[in-house]
Each structure stands twice: as structure tokens, then as C-alpha cells.
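Turn these sequences into a full structure, and let the hints guide you.
Chains as they are written, first to last, in my numbering: chain E, 154 to 269; chain C, 315 to 426.
Quick caveat, the hints were computed from the structure, so don't treat them as lab data. Yeah, the Cβ is synthetic: ideal placement off N, Cα and C, and Gly gets one too. Please note: incorrect hints may appear among the correct ones.
Far from chain E, some chain C residues (derived; all Cβ distances over 10 Å) [said to hold, decoys possible]:
1) Glu325
2) Asn370
3) Ile378
Derived list of chain C stretches under chain E, where covered just means 3 residues or more per stretch with a C-beta under 8 Å from a C-beta of chain E [to be verified]:
4) 357 to 365
5) 413 to 426
A short, non-exhaustive set of chain E residues, derived as facing chain C with CB atoms under 8 Å [said to hold, decoys possible]:
6) Gly193
7) Gly195
8) Leu196
9) Leu198
10) Tyr201
11) Asn255
12) Leu258
So the chains spell out like this:
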Amino acid sequence: NAGVTQTPKFQVLKTGQSMTLQCAQDMNHEYMSWYRQDPGMGLRLIHYSVGAGITDQGEVPNGYNVSRSTTEDFPLRLLSAAPSQTSVYFCASSLGAGSSYNSPLHFGNGTRLTVT
Amino acid sequence: DAKTTQPNSMESNEEEPVHLPCNHSTISGTDYIHWYRQLPSQGPEYVIHGLTSNVNNRMASLAIAEDRKSSTLILHRATLRDAAVYYCILRPLGGATNKLIFGTGTLLAVQP
Numbered sequence: 154n155a156g157v158t159q160t161p162k163f164q165v166l167k168t169g170q171s172m173t174l175q176c177a178q179d180m181n182h183e184y185m186s187w188y189r190q191d192p193g194m195g196l197r198l199i200h201y202s203v204g205a206g207i208t209d210q211g212e213v214p215n216g217y218n219v220s221r222s223t224t225e226d227f228p229l230r231l232l233s234a235a236p237s238q239t240s241v242y243f244c245a246s247s248l249g250a251g252s253s254y255n256s257p258l259h260f261g262n263g264t265r266l267t268v269t
Numbered sequence: 315d316a317k318t319t320q321p322n323s324m325e326s327n328e329e330e331p332v333h334l335p336c337n338h339s340t341i342s343g344t345d346y347i348h349w350y351r352q353l354p355s356q357g358p359e360y361v362i363h364g365l366t367s368n369v370n371n372r373m374a375s376l377a378i379a380e381d382r383k384s385s386t387l388i389l390h391r392a393t394l395r396d397a398a399v400y401y402c403i404l405r406p407l408g409g410a411t412n413k414l415i416f417g418t419g420t421l422l423a424v425q426p
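Right, dumping it as C-alpha cells:
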């Protein structure tokens with residue numbers, strides 16, 4: 154199994170450009186989420202989804218959109234990139250709470266985004 | 315959400331045991347204690363979790379205080395590959411239980 158796959162690994166954007174960070178998992182996990190990690194800040198939750206068609210906001214949702222049309226994919230969209238969005242982005246997935254209460258999160262290896 | 319407090323950094327020597335502390339004085343009776351670690355340039359990975367009793371697995375042991383206001387992750391013999399940031403997280407029962415909130419963790423350095 155590939156687990157959680159994130160693409161691209163690296164990306165440089167200019168201010169105002171848009172892009173989509175891709176996240177796919179092949180474990181049939183109901184729950185998926187996006188985190189960003191900045192130096193000295195730990196990981197902060199951006200958006201999450203408890204199943205196809207359902208999304209909700211985390212701690213720092215502003216400037217980001219998500220959708221969940223399939224169980225496997227959970228893309229993160231930046232509509233108009235800003236330098237403050239320079240960060241490392243991690244996608245994570247797990248079984249839903251209804252399937253396995255303490256199911257651990259599985260993380261991808263991240264996308265390093267720089268906005269100039 | 316109940317919060318955790320961890321030291322910013324710790325050092326250990328290779329092949330010695332490491333005890334990583336975590337304080338969670340506002341823990342509720344239904345919060346599970348989870349530990350993750352993040353190796354350099356990788357996403358976090360699950361280590362261990364527990365509720366009240368001490369837990370062991372192939373990676374580590376988790377010792378939970380009787381009043382549950384603190385816990386300790388124990389690496390029995392540290393290796394260079396254990397150098398990572400270790401996160402202690404409380405996971406509540408009910409609600410969006412997968413919605414984990416990470417703090418800044420403890421950066422563990424392992425000296426050869």
C-alpha cells in the first residue's frame with residue numbers, strides 16, 4: 154500500500170497565484186485532514202473531513218478551500234497565494250471514529266510551499 | 315480542549331533509556347493520551363496511546379500517573395534514529411475524535 158500520497162513535494166508560487174495541493178490515500182479511510190507546519194509553531198489544523206461530501210474548518214482555515222468528492226482524495230486549494238502561506242503542508246488520514254475509536258493518523262511526507 | 319505541556323528539548327545518549335514527560339493537568343476522564351513523533355523531513359507517525367493503565371508496544375512504553383495529570387513516554391534504548399520531535403496529545407472521547415491538536419512537542423537529540 155502507498156498510504157498517504159501528497160503531490161507535489163515542492164512548489165514555488167508568486168503572490169496571487171492559485172494552486173491545488175493533492176492528497177490521496179488508499180486505505181479506505183473515512184477521515185482526512187490538512188495541517189500546516191511553521192517553524193516554532195508545531196502543526197496547525199486547517200480543514201478536515203469525516204467522510205465524502207463532508208468538510209469542516211480547523212484552527213487556521215482562512216485562505217484555503219477543500220472538497221471531498223471521493224473517499225480517496227482530499228485536495229487543498231489556495232485561491233490567491235500570500236507570503237504568509239509559505240509553510241510545509243501535511244495531509245493525514247485515519248479510520249472514522251465510528252469504525253475505530255483510537256485509529257491513529259497516517260501522515261504523508263508533506264508539500265513544501267514557498268510564496269514569493 | 316485540554317492542553318499538554320512538554321519540555322522544548324531533551325538530550326540522550328545512544329543505547330540509554332529516555333523518559334519524555336508530558337503534563338496535562340486539565341485532562342478529562344474520557345481523554346486518551348496519544349504520542350506521535352516526527353523524524354526530520356517527514357510527517358508525524360503514531361507511537362502509542364493509553365487511557366489509565368501503562369502501555370507497551372514495539373516502539374515504546376507509556377507510563378500514566380495515577381491521577382492522569384501527567385504521563386511519560388519511555389524509549390528503552392535510544393538509537394540515533396530516535397532523534398525526532400515527540401508530541402503528546404489528548405484525544406477526547408466523542409465528537410470529532412480524529413481532530414488532533416498538536417503542540418510544539420519535545421525535540422529529542424540523541425548523542426552517539
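For this session: Give me the numbers of the hints this structure contradicts, sorted from smallest to largest.
Result: none
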